[in-house]
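Student: Sequence:
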Amino acid sequence: MSKDRSNVTALLDDAPSYSRQTSGGIFVVIKGPDRGEAVRLTGAPGSTAVSFGSGPQCSLVLTDKTVSRKHLEAQLVNDEVVMVDCGSTNGTFIQGSRFEKIAIGFGAEVKLGRTVIKFLPDEEIVEPEPSVQSSFGSIVGGDTKMRQMFTLLEDVAATNATVLIEGETGTGKELIAEEIHNHSSRRDGPFVVFDCGSVPRELIESMLFGHVKGSFTGAITDRRGAFAEAHGGTIFLDEIGEMALDLQPSLLRVLDKRAVREVLYYRLAVIRVGVPRSRRGGTDIPLLIQHFVNTFGQGLTVTPDDMARLVRHSWPGNVRELRNVMERACLLARGSTINLEDALVSEAAPSLGIRTDLPFKEAKGQLVEMFEREYIEDLMRRHKMNLSAAAREAQIDRKHLRELIRKYGLDPRAKLDGDDDSED
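In my numbering, the protein residues as written are 1 to 424.
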């Protein structure tokens, strides 16, 4: 495993704005009568300390009667946040231990009286200028938010910063991570994907950090681990939110040689990239469609009607679903045009056959018809086509049941065994 952090950059998925951490941070009251109150600690000249207490001179005035007038002070010393108890009566505590002076990291919770304050990173929200390009490598998008993301990705790729990529399932977070790698100085090194959610809890530490033969039962050979494999390149930790809490300190030590007291998320999110959803009123759908046609079916065309249907679709699976539909439509093509009809039918939910590409009323009508047909077929089969018995069990009028039978062509006979109109 590399000992030089600059030799491997981590890109992490899971946790939508674009942000980066600034020096200092923000203290938020998370428990006590002043819950929700906050104060910032910044590195600006003359703003290197904040105080907490019940006295009016404090930066954050607390109404908690168990807090001293000037109970606690936070100082920024050489980029390190130091908490100093100001001779309080009831003392100040971290994790149940009283202290007079202590350095803290992001995520630390400090208790004074009945109040608990938490130290969190103060983030700078970045609104980059939209890129003039409508793509970033293999990622395509002409929408303003997408082009803003392209500008940010270009800047990020030039650094070795740890990046947290946030977005819905199917928005292409792994593809973004790979393109950051491809545009970086590490492009000739490996790009390693590690799925934190699919590895058994007892194996994840070994698979991430490696082990030597005989270090535990079943370790029959040396293993390098994902970080060692990513030496000189980039590692993408997919679904990092699934990682067990007791493994997070080990990951922190690899990513950044700082105190393990820090909360994992806030140490990883040095730069956060929020991936826009593809459901943006269809503004980018035509561009994406043409990109996928060029990828899967060069020479094929999309009819205006098919384009309108694709733009109208809600795309609950985001770009991933659109890509899958277009790949099938190209593979099933008849002649020079894509075969969207068959592609969408195969995309429908297997259990219900829901068609989200249709208007609501039409899709609902198809679903109701499917239900009626299957229900009546099974009902009449179980009652051996006895109309009266079937109507009694279903608790519907026999005339209505007969109409449904005729509607779906289930039996050519006008009258069935047990039918007696006098009972209607």
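Because the hints were derived from the structure by calculation, they are not lab data.
Predicted model, so just to flag it, every value in this text is computed and none were measured.
Hints may be right or wrong, so weigh each one.
[As the list claims (entries may be wrong)] Listed next, the in silico BS3-like pairs over lysine-lysine satisfying Cα-Cα at most 27 angstroms (straight line):
(1) Lys-101 to Lys-145
(2) Lys-31 to Lys-65
(3) Lys-70 to Lys-31
(4) Lys-364 to Lys-399
(5) Lys-361 to Lys-407
(6) Lys-111 to Lys-101
(7) Lys-118 to Lys-65
(8) Lys-118 to Lys-101
(9) Lys-111 to Lys-70
(10) Lys-70 to Lys-101
(11) Lys-65 to Lys-101
(12) Lys-384 to Lys-399
(13) Lys-213 to Lys-145
(14) Lys-31 to Lys-145
(15) Lys-70 to Lys-145
(16) Lys-361 to Lys-384
(17) Lys-145 to Lys-111
(18) Lys-31 to Lys-118
Student: A separate judgement is required for each hint: does it hold in the structure or not?
Tutor: We went through each hint and held it up to the structure:
no.	hint	result
1	Lys-101 to Lys-145	violated, 45 angstroms
2	Lys-31 to Lys-65	holds, 14 angstroms
3	Lys-70 to Lys-31	holds, 19 angstroms
4	Lys-364 to Lys-399	holds, 24 angstroms
5	Lys-361 to Lys-407	holds, 20 angstroms
6	Lys-111 to Lys-101	holds, 14 angstroms
7	Lys-118 to Lys-65	holds, 19 angstroms
8	Lys-118 to Lys-101	holds, 16 angstroms
9	Lys-111 to Lys-70	holds, 14 angstroms
10	Lys-70 to Lys-101	holds, 15 angstroms
11	Lys-65 to Lys-101	holds, 23 angstroms
12	Lys-384 to Lys-399	holds, 18 angstroms
13	Lys-213 to Lys-145	violated, 49 angstroms
14	Lys-31 to Lys-145	violated, 37 angstroms
15	Lys-70 to Lys-145	violated, 46 angstroms
16	Lys-361 to Lys-384	violated, 34 angstroms
17	Lys-145 to Lys-111	violated, 41 angstroms
18	Lys-31 to Lys-118	holds, 9 angstroms
Hint compliance for this structure: hints 1, 13, 14, 15, 16 and 17 are broken, all remaining hints hold.
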